[in-house]
Each structure stands twice: as C-alpha cells, then as structure tokens.
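K.L.:
Fit chains B and C to the known structure of chain A by using the hints.
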Amino acid sequence: MATTKTPPKTFAVIGTTPPRVDAGAKVTGAAVYGIDVMLPRMAYGRILRSPHAHARIVRIDTSRAEALPGVVAVATAADLPEAVDRTDRVGEGTVNYRYTRDATFAGDKVLYHGHPICAVAAVTPEAAEDALALIDVEYEPLEPVLDVRGAMEPDAPILHPDLRTRSLAGPGSTPTNVAAHMRFEIGDPDQGMAEADVVVEREFQTATVHQGYMEPHAATAAWSPEGILTIYTTTQGAFDVRTRVHELLHHPLADIRVVPTEVGGAFGGKNTGYTDVAAALLARKAERPVRVVMSREETLMATGPTSGTWMRVTVGARRDGRITAAKAELRYEAGAYPGAPVFSGANCMFASYDIPNGRIDCYDVVVNKPRTGDYRSPGATQSAFAAETVLDEVATCLGMDPIAFRLINCACDGTSRITGGAHEHIGIRQVLEATRDCAHYRAPRPKSDGYLRRGRGVALGFWGNWGARSSVTLSVAEDGTVSLLTGSVDITGTRTSLAMQAAEALGLPLEMLAPAMGDTQTTGHSDSSGGSRTTMATGIAVCRAAEDLLARMEERAAAWWGVDSATVEYARGVFTSSTTGDAMSWAEVAGHQSETGGAIRGHGDVNVRKWGAAYATHIVDVEVDVETGGVRLLRHTVVQDVGRAIHPGQVASQMQGGATQGIGWALYEGYAYDAQGRMLNPNLLDYKMPTYLDVPAIETILVEVPYPGHPYGVRGVGEAPIVAVPAAIAAAIHDAVGVRTTRLPMGATQILQLLGVIDP
Amino acid sequence: MQAFSYRAPTTLEDAVSILAAAGPAARPLAGGTDLIVQLRHGRRRVDMVIDIKRIREVGALEFTPEGGLVLGAAVPCADVATHADVITHYPALADGAGLIGGAAVRQRATVGGNLCNASPSGDAIPPLIVLGAECRIVGPDGERRAPAAEFCTGPGSTILAPGELVVSLHLPPPQPNTGSCYLRFTPRAEMDIAVVGVAAWVQLDPGDGRIVDARLALGAVGPTPIVAEHAARAVIGLCANEDACAQAEALAIESVNPIDDVRGTEAQRRHVAGVLTRRALRGAIQRAKGESLDA
Amino acid sequence: MPDRTRVRAIINHEPVDFLCEPRQSLLDCLRDVLGLTGTKCGCNDGNCGACSVLLDGRLVNSCLVLGVEIEGRSVVTVEGLAQWPGARIIQESFVEQDALQCGFCTPGMLIASKALLDRSPRPSEDAIRAWMSGNLCRCTGYERLVRAVQAAADHLATIEGAE
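Protein chains in written order, with numbering that gives the first Met the number 0: chain A, 0 to 759; chain B, 0 to 294; chain C, 0 to 162.
Calculated directly from the structure, the hints in this document are not laboratory data.
Idealized CB from N, CA, C, for every residue including glycine.
Zero decoy hints are in this set.
Chain B is faced by these chain C residues, among others (derived, beta-carbon under 7 Å):
no.	residue
1	PRO1
2	PRO21
3	ARG22
4	ASP44
5	GLY45
6	SER51
7	ARG57
8	LEU58
9	ASN60
10	VAL67
11	TRP130
12	SER132
13	GLY133
Per the computed footprint, the stretches of chain A lying under chain B, defined by three or more beta-carbons under 8 Å from a beta-carbon of chain B, are:
no.	stretch
14	662-676
15	686-698
16	747-756
Between beta-carbon pairs, the in silico distance windows are:
no.	chain 1	residue 1	chain 2	residue 2	range
17	C	PRO14	A	ARG55	52 to 60 Å
18	A	LYS446	B	ALA2	58 to 66 Å
19	C	HIS154	B	ARG42	39 to 47 Å
20	C	PRO1	A	GLU142	37 to 45 Å
21	A	LYS446	C	HIS154	33 to 41 Å
Extracted from the complex, chain A is given alone in its bound form (with noise of 0.2 Å):
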C-alpha cells in the first residue's frame, strides 16, 4: 500500500500511475535484454578463469584449444595493448585503466578465484566450454589474503608490489594492501566523549554481498570491414563501455557504437563491464560477431560485488539525549584493485545527524577477492549498519524511544557533516515524524509466544545520490507526435517517468510522447544510469530539452502567422497569437514543419552538479525462534522523502525493491570462503537472496518535500531504501531477544551464540 504525503501543487501528468511505456514487450518475452541478441553468423565467447585466488601464471598454452573444430578465436593478454595508468569517474566509483586492463585478462598474476586469463570463441556454446577445458595453464600459488584485517598486518601476502598508501601525508613509503587512508574530523572527538553520559562502542564485520541481478553479463561484438566496432550490451551506461574499450584497445571513440540492451537488473553493479572488452577482441579475431555470456557462477565469482568490512563506532551522548561526539574506524575490502566505497559509507554514516565532534577513519584495502562495484548507496549500507546499530543502543541505554532520539539529533538545512560539506534541502525531520506518526509504528508490538521472540526496530539511512550528465532530445513528428531521445540507459522505468515530465512540461497528455534510449552514435554523453539520478538529472535534461522545443515550436507559429515569436504564446498544446487571435493545434504547428524551416528538434544537455540528498526508515517487526535461531519478518514498512513522485506506483516499487535486497543483505546473503580463497558459494542455492516467503507485504510511505534544483522537486529514490534495511532488523532483534547482532549476515548461529546457547 502506497501512501504519499504531498504538498498541494495540481500537475497534469506528474503523480498518476501510467502503464510503463516497455511494459508490453517485457509481459510477451519479446524484449531484447543482452543475453538475447543475435546476429548472422554469431559465435559464442566464453571466459578461461583462474582457480586459484593469488598465483603468478607460469605458462599458458591455448594450442588445443585453438585446434578444436569449431573454434574460430582465441584471445589472450596478449591481443591488449599496453595498459594506460589513467583514473576516471565511472558509475559512483573510480577507476584506472591500467587495473581494468588486468581484470580483463591477468598480467603475470591472478588476483581471485575467477580471475579472468583468456578467452574462446567457437559456433556453439557447447564448442566454446569444451574448447576452455583444453586451455593449459600452469600457476604457481601464492598465499591469499582475504579479510580486511588481516591484509593490513605488517607480514601479509601483498597484492601489488607497486601500490603505496595513498593519504594526505603523502604516499607511503613500503609496499602495502591499504590503498588509502583517510580521517575526517570536525571538532574536538576526544573531549567530545569525556562530556558524554553514555559511551557505546561496538564492533562490526559485513560480508561480502552481490547485487544479485537475474539477468547476468553480456555482450555482443561486430566489427565492419572498416574498423567500426558494434557492442550490444547490458549496461548501466553506454559511454563508459565506450571510454573503457577505447582505452583497453587504443580505438578511436567514434568508432565504436555501444547500444544498451534491455537490461535484467543492476542496481550498480552494471556501471562496470565483464564482457565487452573481451567480445570485442574475439569477435575481430573471428571475423565474425561473437557473444560473450556470464553464467551465475560466474557472475558472482567475478563481477564487483560490494566491500566486505570491518568497523568500529564509537557515540557519546548527554542524558538529555544530545549526541556529543561520534568515532567510527572504517576498513572496507576493495577486492583486487583499489577502490572500496568507503569514503561514501563514511559519508552517509552520520549524515543523518548534528553531531558537533566527530572522527571518521578510512581504510581502502585490497584482499584476494573481485574488485567491487557498485550496489545501491555503494558503500553506506555497511557504515549505516553499524551506525545505527550503536545509536539504537544509546537510545536504549537513555530509556529514549529511538525516533524521539533521532528528532532530538537530526540534521537540518545548514548542518554540518562529519565528512565535510553542510545539507541543504533535506527532508529528514518530515520523514522522521512520518515515521513516528504512521500506522505501523503506533500499532501495539507485536507480542511473544513461547520460543518464539517478537520485536520492533527502527533505523533511519541517508544517500547523497547524484546529479551529472545526461543528454535528452525531443523531436515532433509530422502528425505532433513527440520522440523523446535519451542517452539514459532505463534501468527502472526511466523512459516512461522522462515521458511523463516531458509531457508535463509541454503540456501535451502523455500518450503523443514516445520515448527510446539512444546509442553513443545517436545521443549526447549520458554518464551511467546510476546513482538515483536519471528521473532527476535527466528529467532537468528533459525539462531543458521541452523549453527549447516550446521556444522552436512558436517560433514556427510565428513563422507560419509572420509575426513577432516574442507575441505567440502556448498552452495545454495550443499555441495563439495576442496580436491576430489566430490558433493553431499542436499538431497543426508540426504538420507545417517542412514549409517553416525543417525538422523541429529541442535539445537538453547538463551536467548536474547540486541535487537532492534523500532520507528512508525502516520499521521491521520481527519473530526470533530462539531455540532454532531462526528469524523470520512479520511486517515492514518503509517511510522516505521522496522530493515529487513523478509515478508513485514506481517509486513504491523501487522502495520495496531496495527494501527486500536490504533484507537479504541483513539476514542470508554472505560470499563464503574456503582456506585457499576460492568461493563456496557462487550459485543461488547457497548465496541466498529472499523469495516470496522471505519477505512480507512491505508497506511504502512516500513523503514529499521537494527538490528546489528540480522544476518538479523531484529527488532521487532508488537508492535510499536499501540502507538502513539490517540496522532495522538488528534493532528488532535486539528488541525480541535482547542481543545485538554485530556481523552480517544475521544467520541463525550468530543469534544462538550470542543467546549463549551454543559456543562462540
């Protein structure tokens, strides 16, 4: 059940419930995601991977493989060019080149179990996995490290010899496995703990954790006879495969095409690729389009899953309840290459909150596993747990009903962060009474019975989301129909919530817009669809793309009528002239193009640089049987500033969406190793996301304070909802039973342990 809380403002289009635009292929299975395409002639890629998670490659030997009939390629490190040690903004991470290169396919050593080393191609898939089976390579093991503190001892197996940690000291001076070090600090911490009635310190470990989309990697390459390189493929953004390919393969930018697929979910972990680069190379090898496809073990063996971590956090508090100061040491594994999210989870940690002394200590280490990627908030999920998790203790140790604490704590327009930087336009103190107000939280808890516990949590999480390029352009038809043209990939739904703010801005029902994503050939530079910015960046690229057609569309009635553009003007798809008292259709304008100058085109293209930060709780009852340990959810609601729902229905269904991926997160999913480093459980028996029976009916509170930097207020939403989703059930927990749980995920021998029912 969707309830939004609005201000009063009447839109035409904004805030009703439209069938999705690519909704009708999606229900008939005729939508072409990245595993489906097919082109003439098209052989079938697969991906040689290590077995081990740290060895120095002896030797390879593709000789059999190259001899198997049916084999058309076979491509190696070799076929790169050399590596450019270049940095870039991709998705909501960075990345340098040189790195990407060596996840491609491994220099002279292998990093993680499912380390790419080369790759095959032949005419069916079954040709290309027995064709991988005959690839000999020969390593030499080398000591894994795999958890974050033990990368960071003084005697642990390294990963680059050249790596130094970088800080604002400087650069380290001896090879290590930290890759940065940052501290943020406001105040006087230290003191700010003396004066503190309470003092809670607890410490936290998360696992690594997928993003679990169902549909896994791909692409597809097609190389013309003149150099010109077509990538089909499953992404979040276009242009970064584009910028990646043309840095691994040194290939002019214009002539490689990357066109989006339909894409079977991402949620930040396709802001990066798997797939292309080595599609590409085989498919000119080939001489023939090749498709590369990830399997699920391979998925999630070898993409970015998110950081696995260690953390500390400290918080004092007054017995009035004002917090005085916050500690939190943050170390997060960034997989093989630099990289973690852990500036960004120390970013959101305590961003909620005023907190007038506070240290924040960053550790970006690399471990023997996949290099992460983005998911969802990257990097704020696993600081909020802890966080939330201690201020939940706080506020119990004060006897404080865990809302009115926050109230009493939350930040403000103006407040300054821990991290640095001062909020503005936050809706926290409305979602935080919305919260307090709503059905769910005022019902009576819910009551035990025997073995079985029942509690109620709460907990509150905070993104920053973002803003950056997007590219939009709306062309009329001759009959007034309105092409919508972006270079936004549509991930969630965008093209029909672009539709809908194009329509509202011209004024024209919703039906004369068509809206399609473009291609790097077709579009402007669109960063990566990513971020929760696309309703909102892309929507003032839509916003700017509809004033600039307005302004062409009276200036062809002005044409049309011979006189002043200044005198013509436009209402709900009529445009009139104040001197004569002429009017003429919308469509009317359009079918007069060719004789007024030619085609009618408005154009959007920005790069957002301020825009909506959002707030999201989570209230979780939850039924503990403590004789099993198993925990089960019995209702949750989430309740999130929203800034303007341009389709409530999907800005519900993102929130329960990133609710249920929280859920897993909190309660089953966890990456699980073996001594050697290898991965036991890439497949989806034993990394284990929720199903229908998991989760309850989550109720969606939708809370409006709009975004001014929007023309609708709009913020972004898909990302908010996952964060506060394990504090939540680890507050409801600790209500139920009496514990805190301190490691994710929540599984039922953590809770016997620490019921003291069976050892630690």
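P.N.:
This is chains B and C only, laid out in the frame that chain A set:
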C-alpha cells in the same frame, strides 16, 4: 557439461541391460534435478544417461489399506506430497517430498531420485526410514529388496551394485494409532537444502496414551541419514508428552556427527538436531492422536 | 562434433522438429536452437525460476530438463501464452499493478502464475507466495506480483462467472 549419449528404454529389462553394459560411466535419469546440476557443475561425469521415465513400473503410485503404498522411483515429489493417501497415512513422506526445492523442482524431482542421490540432507530419506520403507531393486542378477534405512552408505554412495537400479519404494500398510512427521531447519523458508532434518514416527497405546513404538531418523548431521535407535528406544513405554520429547532431544544430540560447512556449523547442527527431534516427535504424537500440528 | 539427436515435440501449440546434443537443456534448445529467447537463463541450476516453462501442463525449470526429454511432449513458453484466453488478463494485471521493473523474471512469473491459476483459480496470498517461491525477483519485493496474480484471478473469475 561434457557430452554424453542418451537412451530412453521402455522396459525394466532393457534399462538393466543397457545400464549393465554401459558400466560405471552411465547413470539413470529420473527427474534430473540433482543429476543435471551435478553434470553441469562438473561434480559428476557420465558417458550415458538412461532415462527411466518411460518404464511403466517407475511411475506407479498406488495405495491399498492391506498392501500399503507402492511408490514408483520416478513419481514426481509434487504428486507424492499432494496424494490424499500419502498425506493421511504417511504424512512424514508428504512433509519431506513437499519441501524439496520449490514448486517447479517438485514437478520433476522424485522421491526415488532423492534416495539414490544419497545426499546426507535429502528430505525424503529420513521419512522413508522411519516409515519402514523398502526398496525394490532390479539388476543383472535379478531382483532384491532392501530397507531404506540401509540404502545410503555415504555422501553420494548407496548399496546399489553395478547395473542395479531402484524400481519402486514399498511402504508397509498403515497401523492404527500411528503418526509421523518430518521437520527441517533452513535459513530461507523454501528453496534451501536442509541444515538439519528430522523424521519421527510413533505408535501410541490408545488406552493409556503411552508410546508403544517409535522411530527417529536425522538428516544433514552425518555422512548418511542417522537412525537414532537409542533415542527412539528410550521413549518407548513413556507417556506421549513433552517430557518424552525432551528425552528424545537429549539423546538425539548425542547420536549425531555433524560438520561445519557453508550451510551450517557443527554446534548449530547438533543443537538444532535436538530441537527438531523434540518438535518432530511432538508432531508425530499429535498426528497419531488425530490432531493437527501446532501452527 | 558430438552426435545430435532428432527431437519432435509441440511447442506453443505448433509442431517442431530440431536437432540437439543430449547435453543441451530444454532451455538451451528453446533459446539457441529455436530462437525463443523469451525464456531466460538466470542461474542454470533450478534456483531462480527465470527459465520456467510448462511441460505437459506442469511448471518446470527448463534448465533442468534435457532437450531430448521432450520427445513427443508439449511445451508452452511465454511466447505461447497468447493462445491462452487468460493471458491478456494476467499480462495487463502485471502492468497495472507495477509488478515488473527490469522485466527479466517476468516471463517465468507469468508461466508460474498460469500454472497456479490452472490448478487453483482463487489462490490465497499464502498459496501464491508458496507456489511462486521458486521464482526469484530482485527488483520488486514481490508484493506487487502477489497483487497482480490476485487481481488476475479475480478478473478471470468474473469472466468465468459470466459464462
């Protein structure tokens, strides 16, 4: 997966002769929900797959009060779990068969296959054991019967000799005042492999409510399902109440030999084996009395 | 090249005749041999339901069926749903209830829904969740999917009642 050839015999005689001639690199195929996954992940290699589903005898599902239940080896779990006579007279088997995989898996997976796969955590196996099931086995040397309780010899290993296959399972006629129950612990509600599974069967004296006979079998806590004879014998003669269940719990904990693996820890499994023994025995008692289980 | 077997079956109410290796799953055959890409591969080991099809009316994971096993049998995929009168109703129900985002799990969900409604025309919420627990969705949180199936069931019942 590696290439293999496929045969689909229509008689038991043909199946046995193909299997015997093909040697150890051939495997019978029923539902395929274990075998195909193993082949695809390289955990098993075969040269030949012998699809038994066209053979009449393996598809039988017949109950008579005098003869008991004949359950062909290739009857899908969904058919077993929803069969009225199975639910009434062999409820532990309905419980177990109804928990394997999810709805789609149960349309293909079979009780016979679950037994022959011999996973320590197979959900159909403890129920078959406590219900006294017998396997009808055919092979090159003819036909034989063996108790389900003796069928599994280790993870993935059974008493089947080369060329043998299981045709059907035979459950004895139901006796009055008996009840059975299978419970398991999994992290998610469905789709998981059991971390611990316990089947219980009791027979009660209708007059004084005492336990006349009992059987317990525990899965996923040893290399094969464990027949907890000591724990079961200890409750015979006791009143069928919570104390009896608690006694069984304590003895079951001592009878198990669990390991740490990605699905659970040794300590957790040992403890939960006791809890589920108590609850499964309570469930069997309730059913023996004609009551429905606690929610 | 390993030997291939000839398979004759009915797919979406039409006869098909194709060659495949025994190791190719029904899913492989549908997608790679017959070009029916509506059925998806999410895990290839029976744990996600993206490959759900109806085999002789039963809901199955096509990744766990060999292509050669469908000899003489009948398969319905998402592309063949249109021939079921209730298809449009359930498809519209999914759209109206916002029961899809990325849409990748949708074909499997539709097939599983049909299998459920064929046997249980007015399923409870618990029955829907239990039946469809083998179909994973990572985008929606399932609640809208449950509503979509319920709405379709209600709608189908009124039509049947009218007949």
